[in-house]
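Chemist: For reference, the chains in residue letters:
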Amino acid sequence: MTGPLLVADDLHLAFGPTRALAGASVEVAPGEVLALLGPSGSGKSTLLHCLAGILTPDRGEVRYRGTRLDDRSDEARSRLRRNDFGFVFQFGSLVPELTALANVALPLQLTGARRRAAEEQARSWLERLGVADVAGKRPGEMSGGQGQRVAVARALIGGPRVVFADEPTGALDSLNGELVMEEFTAAARDQGSSVVLVTHETRVAAYADRSVVLRDGRLTAAPAWA
Amino acid sequence: MTGGIRGPGGRVRRARRALLTRLATRCLVTAMALPQTLLGLLEPAPRHGYDLKREYDARFGEQRPVKSAQVYATLGRLLRDGDITVVGTERVDGPDRTSYALSAEGVTHLERWLAEPEPSTAHLQSEVYVKVVLALRSGRPAEQILDAQRDAHLGVMRGLTARKRGADLPTTLACDFTLFHLEADLRWIEHTAARLHRLAEELS
Chain G
1 MTGPLLVADD LHLAFGPTRA LAGASVEVAP GEVLALLGPS GSGKSTLLHC
51 LAGILTPDRG EVRYRGTRLD DRSDEARSRL RRNDFGFVFQ FGSLVPELTA
101 LANVALPLQL TGARRRAAEE QARSWLERLG VADVAGKRPG EMSGGQGQRV
151 AVARALIGGP RVVFADEPTG ALDSLNGELV MEEFTAAARD QGSSVVLVTH
201 ETRVAAYADR SVVLRDGRLT AAPAWA
Chain L
1 MTGGIRGPGG RVRRARRALL TRLATRCLVT AMALPQTLLG LLEPAPRHGY
51 DLKREYDARF GEQRPVKSAQ VYATLGRLLR DGDITVVGTE RVDGPDRTSY
101 ALSAEGVTHL ERWLAEPEPS TAHLQSEVYV KVVLALRSGR PAEQILDAQR
151 DAHLGVMRGL TARKRGADLP TTLACDFTLF HLEADLRWIE HTAARLHRLA
201 EELS
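Protein sequence lines correspond, in order, to chains G and L.
Following the numbering used here, the numbering of the first sequence begins with 1 at its first residue and continues without gaps.
Following the numbering used here, the numbering of the second sequence begins with 1 at its first residue and continues without gaps.
Honestly, the hints are just simulated from the structure, not real lab data.
SDA-like, lysine to any residue: derived pairs with alpha carbons at most 25 Å apart:
(1) L:Lys67 with L:Thr85
(2) L:Lys164 with L:Ala174
(3) L:Lys164 with G:Ser174
(4) L:Lys53 with L:Thr89
(5) L:Lys164 with G:Asp166
(6) L:Lys67 with L:Asp96
(7) G:Lys137 with G:Leu98
(8) L:Lys164 with G:Arg128
(9) L:Lys53 with L:Tyr72
(10) G:Lys137 with G:Gln90
(11) L:Lys164 with L:Asp151
(12) L:Lys164 with G:Gly192
(13) G:Lys137 with G:Phe89
(14) L:Lys53 with L:Glu90
(15) L:Lys164 with G:Asp190
(16) G:Lys137 with G:Glu182
(17) L:Lys164 with G:Asp173
(18) L:Lys164 with G:Glu183
(19) L:Lys164 with G:Ala171
(20) L:Lys164 with G:Gly170
(21) L:Lys164 with G:Glu127
(22) L:Lys164 with G:Asn176
(23) L:Lys67 with L:Trp113
(24) L:Lys164 with G:Glu201
(25) L:Lys164 with G:Gly144
(26) L:Lys164 with G:His200
(27) G:Lys137 with G:Ala113
(28) L:Lys164 with G:Gly130
(29) L:Lys164 with G:Ala187
(30) L:Lys164 with L:Phe177
(31) L:Lys164 with G:Gly145
(32) L:Lys164 with L:Arg187
(33) L:Lys164 with G:Leu175
(34) L:Lys67 with L:Gly88
(35) L:Lys53 with L:Ser204
(36) L:Lys164 with G:Glu182
Which bits of chain G does chain L cover? Going by a derived footprint, with three or more residues having C-beta under 8 Å, they are:
(37) 204 to 210
(38) 213 to 220
Glycine included, every Cβ here is placed at the ideal spot set by N, Cα and C.
All chains should be modelled from the sequences, with the hints used to inform the complete structure.
Modeler: What follows is the structure, given as C-alpha cells:
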C-alpha cells in the first residue's frame with residue numbers, strides 16, 4: 001500500500017463546553033511509529049481514540065486504508081478494532097481473572113483460533129518479551145513492568161496493522177519504562193505494525209520515528225517566517 | 001621546586017589555564033548572540049549605544065553580562081556589515097551620542113537567527129529565553145520559537161535513542177546523560193510555552 005495508512009483530517013470534538021480537538025490533522029504511514037506529545041488536556045488521548053474509532057469526531061474525517069472510518073457503524077468499528085488494531089494502556093488493562101498466558105491468547109481465540117494453538121503462540125510472545133516465567137500468574141501477582149510486557153504481547157499477537165498505545169509506560173519507573181519501550185517498538189517494527197503512541201514523556205517519544213505535538217486540540221507548526 | 005610541571009608551580013599554572021579557559025568559553029558564549037540581541041533591541045526604534053547597553057543589562061545582564069566596549073565594538077561591526085545605519089548624532093551633557101536604526105538586511109538576519117533552533121549547550125535556556133523575549137516584544141509568535149526548538153531537540157533524542165540499541169553499557173550511559181539533559185531543556189520549554197501570555201504581559 002502506498003500513501004498513509006491512517007489519516008485524521010481537521011478533527012473537531014467537544015465534550016460539552018470543553019473543546020478537546022480544534023482542527024487536529026495527522027497522518028500515519030504503514031510501519032511508522034508516531035508519538036503524540038503534549039501537555040495534559042492538549043487532546044492527544046482524544047485524537048488517539050478518534051483514530052482508533054473509539055470516539056466519533058463532531059467534524060472532520062478519519063480514514064483508514066483510504067476509506068472513512070468515522071462514519072462506520074459501531075459493529076463495523078468493533079470488528080475493525082478486533083481484527084486490525086491492538087491496544088496498550090497505562091495500566092495494562094489485562095483481564096484480572098485470567099493468567100498472563102490466557103490474556104495474551106485471548107485476541108486469537110476471539111478471532112476463532114483454537115485454544116491450544118493460541119496458547120502456543122502466546123507462550124512464544126511471552127518468551128520474546130522476556131516474561132515467560134509469569135505465564136501462569138494472574139495480573140495481581142505480577143510487577144508493573146511484567147504486566148506491561150504481557151499487555152504488549154497481547155496487543156501484538158494478532159499481527160495488527162496499527163497498535164494504539166496510551167501512556168504505556170506511565171505507571172513504570174524510568175528504567176523499566178525504557179526497557180518496555182525498547183521491546184515494544186522493536187517487536188512492532190519487526191512485524192511491520194504501525195504504532196500511535198500517546199505520551200507526555202519526551203524520552204518515551206524518542207523511541208518513535210516521528211513526533212508531533214498537540215496544544216489546545218491541534219498540532220503545533222514550524223515558524224511561519226523561517 | 002617551583003617551575004616543574006608536576007610541582008606546585010605547575011599546579012598553579014594548570015589551575016590558571018583552566019580558569020582562563022572557563023572565562024574564554026563564557027565570553028565566547030556571551031559574544032555569540034550579542035549582535036543578534038542588539039538587533040532585536042534596536043528593532044522597535046532607533047537608539048544610541050548607551051541606551052542599548054542599559055536595556056541589555058536590565059533584561060539579560062544578570063545571566064549574560066557584557067561590557068560597554070563589547071556593545072560599541074559589536075555596533076561597529078553591525079554598521080560595517082550593513083545590518084544597522086546611523087540616523088543621527090546628539091550631545092546631551094557630555095560626549096556625542098550616535099543613534100542607530102535597524103536596516104532591512106538587519107531584520108532579515110534577526111529573523112533568521114530567531115527561527116533557527118540552537119544546538120544543545122549548558123547555555124541553551126538563556127539563548128532561547130533571549131529569543132522568546134525579543135519575539136514577544138516585537139509581536140512575533142514566540143511559541144513557534146519554542147516549537148522549533150522542541151522539534152530540534154526531539155530529533156537529537158531520537159538519534160541518541162537509536163544509538164543505544166544494541167550498544168554497550170558505557171555508550172548507553174553516555175547517551176542517557178545527554179538524553180536526560182535534553183529532557184530537562186524540553187521541560188523548561190513546556191513550562192515557558194504554558195506561561196507565554198503572562199510573560200508577554202510582564203514584559204510590556
